[in-house]
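Position chain E against the provided structure of chain D, taking the given hints into account.
Residue numbers (the numbering used here), protein chains in the order written: chain D, 1 to 116; chain E, 1 to 114.
Do not take every clue at face value.
[What the hints assert, rightly or not] Dumping the calculated BS3-like pairs for lysine-lysine here, alpha-carbon to alpha-carbon at most 25 angstroms:
{"id": "1", "chain 1": "E", "residue 1": "Lys-68", "chain 2": "E", "residue 2": "Lys-56"}
{"id": "2", "chain 1": "E", "residue 1": "Lys-5", "chain 2": "E", "residue 2": "Lys-68"}
{"id": "3", "chain 1": "E", "residue 1": "Lys-37", "chain 2": "E", "residue 2": "Lys-54"}
{"id": "4", "chain 1": "D", "residue 1": "Lys-57", "chain 2": "E", "residue 2": "Lys-5"}
{"id": "5", "chain 1": "D", "residue 1": "Lys-57", "chain 2": "E", "residue 2": "Lys-101"}
It is worth saying that the hints were derived from the structure and are not from the lab.
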Amino acid sequence: TAGITQAPTSQILAAGRSMTLRCTQDMRHNAMYWYRQDLGLGLRLIHYSNTAGTTGKGEVPDGYSVSRANTDDFPLTLASAVPSQTSVYFCASSETPFGLAKNIQYFGAGTRLSVL
Amino acid sequence: DQQVKQNSPSLSVQEGRISILNCDYTNSMFDYFLWYKKYPAEGPTFLISISSIKDKNEDGRFTVFLNKSAKHLSLHIVPSQPGDSAVYFCAAARTDNQGGKLIFGQGTELSVKP
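The following block holds chain D by itself, in its conformation from the complex (with noise of 0.2 angstroms):
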């Protein structure tokens, strides 16, 4: 099963450019999250989403933008890319965003961005 999926990859992003980084989900969990991975620093929450049609901030917010238009699909967008936000990006899922084993999140691949 392929659980989440991330895209792209990896990207070099050029400062002051938009980009929305993909992640798709076919587990149908109602929960929703994305994070970002700085050494020293570990997993930061940026955005989450408690079930389609709502979205919450995080941790470091700032400078990124999230949607959910459906269950299974949460976009990230940074508007106007910092250096700043040179980092590797993850998503998750999980079924709930409340109580215990229903709420174990499970992670993509990531996306490793570069902006210069």
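Chain E in isolation, oriented as in the chain D frame:
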């Protein structure tokens, strides 16, 4: 303000010995804790979890211990195998109306030497 901390960035262990990875947290409202394992060029994968109503959870070679009074959890891997070499992240969450927001530690890179 790092609410979940893994103070050891790396750990090296001999094959067959025990690996102990540590994690500390500051928010007493966290009541669910997870460990994820990450290989290079892959996403993190869920390994084991523990609810705050327990102090130990075991799954095969992996055991997680929770000390709520010390706000400390640890992951024990016995016996360690070379395939366990990866970065391990601990994560904490509140299962109340704060939703499924996981707060991750910085990660500990485990190297198991043959």
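Here is how each hint holds up against the structure:
| no. | hint | verdict |
| --- | --- | --- |
| 1 | E:Lys-68 with E:Lys-56 | holds, 11 angstroms |
| 2 | E:Lys-5 with E:Lys-68 | holds, 15 angstroms |
| 3 | E:Lys-37 with E:Lys-54 | holds, 22 angstroms |
| 4 | D:Lys-57 with E:Lys-5 | holds, 22 angstroms |
| 5 | D:Lys-57 with E:Lys-101 | holds, 10 angstroms |
Of the numbered hints given earlier, the model fails none.
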